[in-house]
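Here is how the chains run, residue by residue.
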Amino acid sequence: MNQLLFFDSTLRDGSHAVAHQLSRENIRNYCRQIDTAGLHVVIVGHGNGLGASSLQVGLAAVADDVMLRTARKELKKTKLGAFLIPGFGTIKDNLQPAIDSGVDLFCVATHCTEADVTRQHIEFLRRKAKDVYGVLMMYHRATKEKLLEQALKMQEYGAQGVILMDSAGASTPDMVAETTAYLSAGLDVRLGFHAHNNLGLAVSNSLIAVRNGASIIDGTLRGFGAGAGNCQLEVLAGLMMKMGIPTELDLYRMMDVSDSVVCGMMKRSQEISSISLISGVAGVFSGFSSHVKKASERFKVDPRDIFMELGRRKMVAGQEDFIVDVAMYLAGRKGMEKESYDIESLL
Amino acid sequence: MNKMKVGIIGTGNIGTDLLIKVSRSEYLECGIFAGRNADSEGIRRARSLGVNTSTDSIRAIEEDPGCCEIVFDATSAAVHRQNAVILEKLGKFAIDLTPSKIGKMCVPALNMAECLDADNINLITCGGQAAIPIIHAIMKVHPDMEYVELVSSISSKSAGPGTRLNIDEFTQTTRDAIESFTGVRRAKAIIVLNPAEPPVLMHNTIYAKMDKPDLPRLRREISAMEKNIRKYVPGYRVTLGPVAENGRVTTMVEVVGLGDYLPKYSGNLDIITCAAVNMAEAYAGKKRANRIGGKL
Numbered sequence: 546m547n548q549l550l551f552f553d554s555t556l557r558d559g560s561h562a563v564a565h566q567l568s569r570e571n572i573r574n575y576c577r578q579i580d581t582a583g584l585h586v587v588i589v590g591h592g593n594g595l596g597a598s599s600l601q602v603g604l605a606a607v608a609d610d611v612m613l614r615t616a617r618k619e620l621k622k623t624k625l626g627a628f629l630i631p632g633f634g635t636i637k638d639n640l641q642p643a644i645d646s647g648v649d650l651f652c653v654a655t656h657c658t659e660a661d662v663t664r665q666h667i668e669f670l671r672r673k674a675k676d677v678y679g680v681l682m683m684y685h686r687a688t689k690e691k692l693l694e695q696a697l698k699m700q701e702y703g704a705q706g707v708i709l710m711d712s713a714g715a716s717t718p719d720m721v722a723e724t725t726a727y728l729s730a731g732l733d734v735r736l737g738f739h740a741h742n743n744l745g746l747a748v749s750n751s752l753i754a755v756r757n758g759a760s761i762i763d764g765t766l767r768g769f770g771a772g773a774g775n776c777q778l779e780v781l782a783g784l785m786m787k788m789g790i791p792t793e794l795d796l797y798r799m800m801d802v803s804d805s806v807v808c809g810m811m812k813r814s815q816e817i818s819s820i821s822l823i824s825g826v827a828g829v830f831s832g833f834s835s836h837v838k839k840a841s842e843r844f845k846v847d848p849r850d851i852f853m854e855l856g857r858r859k860m861v862a863g864q865e866d867f868i869v870d871v872a873m874y875l876a877g878r879k880g881m882e883k884e885s886y887d888i889e890s891l892l
Numbered sequence: 006m007n008k009m010k011v012g013i014i015g016t017g018n019i020g021t022d023l024l025i026k027v028s029r030s031e032y033l034e035c036g037i038f039a040g041r042n043a044d045s046e047g048i049r050r051a052r053s054l055g056v057n058t059s060t061d062s063i064r065a066i067e068e069d070p071g072c073c074e075i076v077f078d079a080t081s082a083a084v085h086r087q088n089a090v091i092l093e094k095l096g097k098f099a100i101d102l103t104p105s106k107i108g109k110m111c112v113p114a115l116n117m118a119e120c121l122d123a124d125n126i127n128l129i130t131c132g133g134q135a136a137i138p139i140i141h142a143i144m145k146v147h148p149d150m151e152y153v154e155l156v157s158s159i160s161s162k163s164a165g166p167g168t169r170l171n172i173d174e175f176t177q178t179t180r181d182a183i184e185s186f187t188g189v190r191r192a193k194a195i196i197v198l199n200p201a202e203p204p205v206l207m208h209n210t211i212y213a214k215m216d217k218p219d220l221p222r223l224r225r226e227i228s229a230m231e232k233n234i235r236k237y238v239p240g241y242r243v244t245l246g247p248v249a250e251n252g253r254v255t256t257m258v259e260v261v262g263l264g265d266y267l268p269k270y271s272g273n274l275d276i277i278t279c280a281a282v283n284m285a286e287a288y289a290g291k292k293r294a295n296r297i298g299g300k301l
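Just so you know, the protein sequences line up as chains A and B, in that order. 546 is the number of the first residue of the first sequence in the numbering used here; add one for each residue after it. 6 is the number of the first residue of the second sequence in the numbering used here; add one for each residue after it.
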């Protein structure tokens, strides 16, 4: 088996949990402490990636290049990573500046059925001799055959691996086993898995993915991330140690950073709220949670109903503006005098 | 009355939608429909309409320059970079529907007259066509606005391979065009492909950052602009706003397509092909007026 690679998204997915308000100090401390923990890469930035700081999904406290340069200074052994969703950022405005800031590894992500929009970006980054991985978000929305077809496109563009993202934390253990076994058999490059904990399965689903051929696990320390949070990497490290699965992770170091640095960045403990649970059941992107809460208060609609309706409409990340639409629809107010509404902040 | 002949290069979604709109026009007829793929649905459609087709792309026009006076380029940004040089040499009026940014940027509701004097005009992007006029209207009321953001979502089904392969230019060109066209200090464009079934209509949300919006004037300007655009894009409508909250003004615009080639959810095709045909008809009208003038 390939050496397992651990992708650390604490400073990227965790950004969602604090409305993208991570400070330079947070990034500096974290990177300084985590550098020797044996992780392959630390991914840094706005929760939705490069160029995503916006009124639509939330303004970041710190600019992309400042975040990346701050991390770059501290990471000596671990690669510096960045995340990009084509359509949010561009080669000229975002990828080239990120390369100039010293990023080693890029994850180029898109909805699980739209791999062909990653071609320009993956090919550009390969030409620049950077490490590139493709990410298929919301993987639960597609069949395993469709996922393999999409992952093979990313492989053809030059991606060194393809990561399935369980963006909604909607996976059952059987889904993970079946999908990862099928994809790892069909791909020449590495397969990765990025779990969310909406159904309390992020660590165990990650382990299941590894047992079925995945060789990249993407997670966060303390599970710090959108909604119910992610695969808690130090817990997975402990579990793998106990099971005798070889890794290069330094368990104690990860625990120390989790306690001393990540705890301080969190605004609340990473629990599974009812809202996160329902988003896992509905299969809706967990990053929508804060937007749904705001809309539900404004329009006096049960947030669980909003989630179920968003699931029925198959909404994807980037469509936060539709949440107001759905809330208004459920409140039965749409179609009346639309102009008279002051829509509440979505942020 | 003689119709002016147009050539269409690119037989994908956009080219085929253009073909159907041109075949309905009182002022235009299609002289050549040229692409590279002999089996494309577009080529089959053109043959069934009795239109002259070719799989030689731009070479078909080079070899028979008399086949058209106006050329719509619906290929890709990279291909248009080559085609533009050839079309200039041939003296054709080029209407570019790729996000190449080579020609003069054109939004018919804003700068039609100037564009008719250019050799090559660029229709920017569908998001640009939908949002720039609204942002222009906002800037008229608030010229000191510091930041504007566009979120443009289109259904996955309406984004053909050309759009997907050009997603980066699509995003970048939309942003650049908002800045250069409206003079706003800083703009951001976010493009979302929405895989939802049934497909969603083309939907655009515009956030304009400002502290003290003059909502009554904004409403008047935006509504006037909406009427202007509806003259050439019948399915264009403001669905929300302008509404003010938290230091920003939000306006939402939807485009219902005419359902010519792809179904009505593909308003993103319509807004750009309607604009292109509108410009071609205006060009044909102007030429005819000049020619008649010359005889007198």
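If you are wondering where the hints come from, they were derived from the structure by calculation, not from laboratory data. Be aware that a few hints might be false.
For the chain A half of the interface with chain B, some residues (derived, Cβ under 7 Å), not all of them [what the hints assert, rightly or not]:
1) S599
2) Q601
3) L604
4) Q641
5) T658
6) E659
7) E854
8) R857
9) R858
10) K859
What the simulated footprint calls covered on chain A by chain B, stretch by stretch (three residues with Cβ under 8 Å from a Cβ of chain B suffice, anywhere in the stretch; the number is not a length) [stated by the list, open to error]:
11) 626-635
12) 661-669
Straight-line Cα separation of at most 20 Å, EDC-like style, residue types lysine to aspartate or glutamate; simulated pairs [unchecked claim]:
13) K691(A) with E723(A)
14) K621(A) with D645(A)
15) K691(A) with E250(B)
16) K838(A) with E202(B)
The beta-carbon is built from N, C-alpha and C at its ideal position, and this holds for glycine as well.
Checked hints:
1. S599: Since chain B brings a Cβ to about 6 Å from S599(A), closer than 7 Å, the hint holds.
2. Q601: Since chain B brings a Cβ to about 5 Å from Q601(A), closer than 7 Å, the hint holds.
3. L604: violated (10 Å)
4. Q641: Constraint on Q641(A) not satisfied, violated at 11 Å.
5. T658: This hint holds: T658(A) lies near chain B, its Cβ roughly 5 Å from the closest one there, short of 7 Å.
6. E659: holds (5 Å)
7. E854: Hint on E854(A): violated, closest Cβ of chain B at ~12 Å, above 7 Å.
8. R857: violated (10 Å)
9. R858: Cβ of R858(A) sits 6 Å from chain B, so the hint holds.
10. K859: holds (4 Å)
11. 626-635: Contact hint for the region 626-635 of chain A vs chain B: holds, 5 residues under 8 Å.
12. 661-669: holds (count 5)
13. K691(A) with E723(A): holds (13 Å)
14. K621(A) with D645(A): holds (17 Å)
15. K691(A) with E250(B): With a Cα-Cα distance of about 42 Å, the restraint between K691(A) and E250(B) is violated, given a limit of 20 Å.
16. K838(A) with E202(B): Not satisfied, since the Cα-Cα distance of roughly 25 Å exceeds 20 Å.
Of the numbered hints listed earlier, those contradicted by the structure are 3, 4, 7, 8, 15, 16.
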